[in-house]
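2 protein chains.
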Amino acid sequence: MEIRKLKYFITVADEQSFSKAAQILHISQPSLSNAIMKLENDLKMELFKRDTRSIYLTDIGEVFYQRALHIVRQFEHFQLEVAEMAETGDGHINIGIIESAKFWLFKVIKAFKNTYPDIHFQFNEVLGQKEVISSILEGDVHFTITNQPMHNQLITSHPLYHEPFMLAVYETHPLARKTSVELTDIANQAFIISREGFQTRGDVLQAFMKEQLYPKIEYEIERLETACKMVEEGLGVTILPKSYLDYNPTPHIIGLPITSIFLNRTVYLAYLKDRSMTPAIQKLLSKIRQFEVF
Amino acid sequence: MEIRKLKYFITVADEQSFSKAAQILHISQPSLSNAIMKLENDLKMELFKRDTRSIYLTDIGEVFYQRALHIVRQFEHFQLEVAEMAETGDGHINIGIIESAKFWLFKVIKAFKNTYPDIHFQFNEVLGQKEVISSILEGDVHFTITNQPMHNQLITSHPLYHEPFMLAVYETHPLARKTSVELTDIANQAFIISREGFQTRGDVLQAFMKEQLYPKIEYEIERLETACKMVEEGLGVTILPKSYLDYNPTPHIIGLPITSIFLNRTVYLAYLKDRSMTPAIQKLLSKIRQFEVF
DNA sequence: ACCTGCTTATAGTTAAAAGCTATAGATATA
DNA sequence: TATATCTATAGCTTTTAACTATAAGCAGGT
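If you read the sequences in order, they're chains A and B.
My numbering numbers the first residue of the first sequence as 1 and each following residue consecutively.
My numbering numbers the first residue of the second sequence as 1001 and each following residue consecutively.
Hints in this document: simulated from the structure, not taken from any laboratory.
Quantities reported herein were computed from a predicted structural model and do not represent experimental measurements.
Some, not all, of what chain B presents toward chain A, calculated at C-beta under 10 Å:
| id | residue |
| --- | --- |
| 1 | LEU1043 |
| 2 | MET1045 |
| 3 | ASP1059 |
| 4 | ARG1067 |
| 5 | HIS1142 |
Sample of chain B residues with no beta-carbon within 10 Å of chain A, all distances over it, derived:
| id | residue |
| --- | --- |
| 6 | PHE1112 |
| 7 | ASN1114 |
| 8 | ASN1124 |
| 9 | LEU1127 |
| 10 | LYS1130 |
| 11 | GLU1182 |
| 12 | PHE1191 |
| 13 | ASP1203 |
| 14 | LEU1205 |
| 15 | GLU1220 |
Cβ coordinates follow ideal geometry from the N, Cα and C atoms, glycine included.
Can you build the whole structure from these sequences, using the hints too?
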């Protein structure tokens, strides 16, 4: 007993005619008569009484009709659900994200929500490279925005943009008057930096080291937002990605370009190479790639 | 998308293997691989990730699995219901019945209930021939136990048994001493008879008329039970079918055979010729035909 | 490093099923 | 009585679901 035959049966019962039902179903009348006969044999039930002029449901046919209608509707509902599912999966997208990407990423996501309003997002604020890699490999995230290039065969990483770091100082700070600074200008300032294991620390420290300098670290924080607040209070200066300052403009904080060839980074979009992505996620990925951060 | 393919899919997902699933499903592994591939193409979804060693569900496959499992279970439940329905229809049997058949018929039905305990019965106590015929033709009853032969092409009637009428008298009545009576013995007694339109009246009156007699009608009743009560109170005598007296023995009432070739009747089982009967009803009909009333 | 065994995919074929057209047969209606 | 309409039957074609045989990929043992 297949759903198709049940649909045939329902149509015949509704039309009280094989020939009309056949027209509606876009099959020939003999094919339909045959199908119903096979259904009757299969069920060992006589569903219709027929004479050469007209047909009508038997008692048992009436009862069967109700049941068949019910299961066919359930099946059609299932098909609708599946069609939706084909687009959006289970309706969840999990994204790994570095703090400094949040601001522009949310602009992309806002646009995406217009097309897929019901999708639910989960953000995974991943920090060290190990965590980034394992969260991708274990499927915890569909993709990750990261500043770390992936050295793993199973992971595809796609550079999104290249950005310089900038110095963030309070508006009344002496350096604020300059149009650009050098690392030597910074080295003697009270410096705010990410803690070990948090993003940007490595980039910043390496740049100093390559110029054989060392910053005067007075504060170690976890979140860039905290660093900003500290700068705002005049506790010191810090170095932030350009995009962070652009998308998160803070009153009284000035961003200054730094003349160091080492102080810049690339932001990547990374995901498991053969992970199957729903059309919804693919569209999001393409929007992310197309988005002009600057 | 057919239920069959969904079942295939579920088995593969459960077994995490095409070859094991193929064994369970009693089809070859290539057939199964093919079927799943077709399902995937049909749905435009990748359900499994495969390498040559093992397979696993994709994210979307997991979600689809849940839905598929649900609809397949619903379908299997539907099939069970239908199988039951094939036996018992909608679980109702409507029977037309004359009063004098109730007593033996309920013995048959009691036995029938052992096999089909959940079937619900409705009894239609039909009286005149017109009503008997119309209730059969209009499908109000599945079948009728009647003492009237049916003269209708669409109705099949099957004689069940032939029975004499008997005289019912109170035990102290003068006639009670006899072993059999003649109509002339009865003609001068206070007589209890069914009202116009109720069963037995016609049979009884015709018998008297054929012997050119006429009973001394003093009471006209509707239900045979009422007649019995009256006899018990010594109000008069009445004529009842043998089966009624046999199955409904009343204390102090004696049933006497009547020596009249006219005073007997045939009880029939009648039903619409081409009405489709469930196996349950067919079994009941056959039990009725086999039941030995005497 | 190279078999062995297990698993899935592909190719080619067969069998079953679902469809078609043409037409017979039956019966209401004109 | 002829006509139109409806279902059933017969015979054929197309599509689909199976099958067998075999290739190809990989893990594990030798």
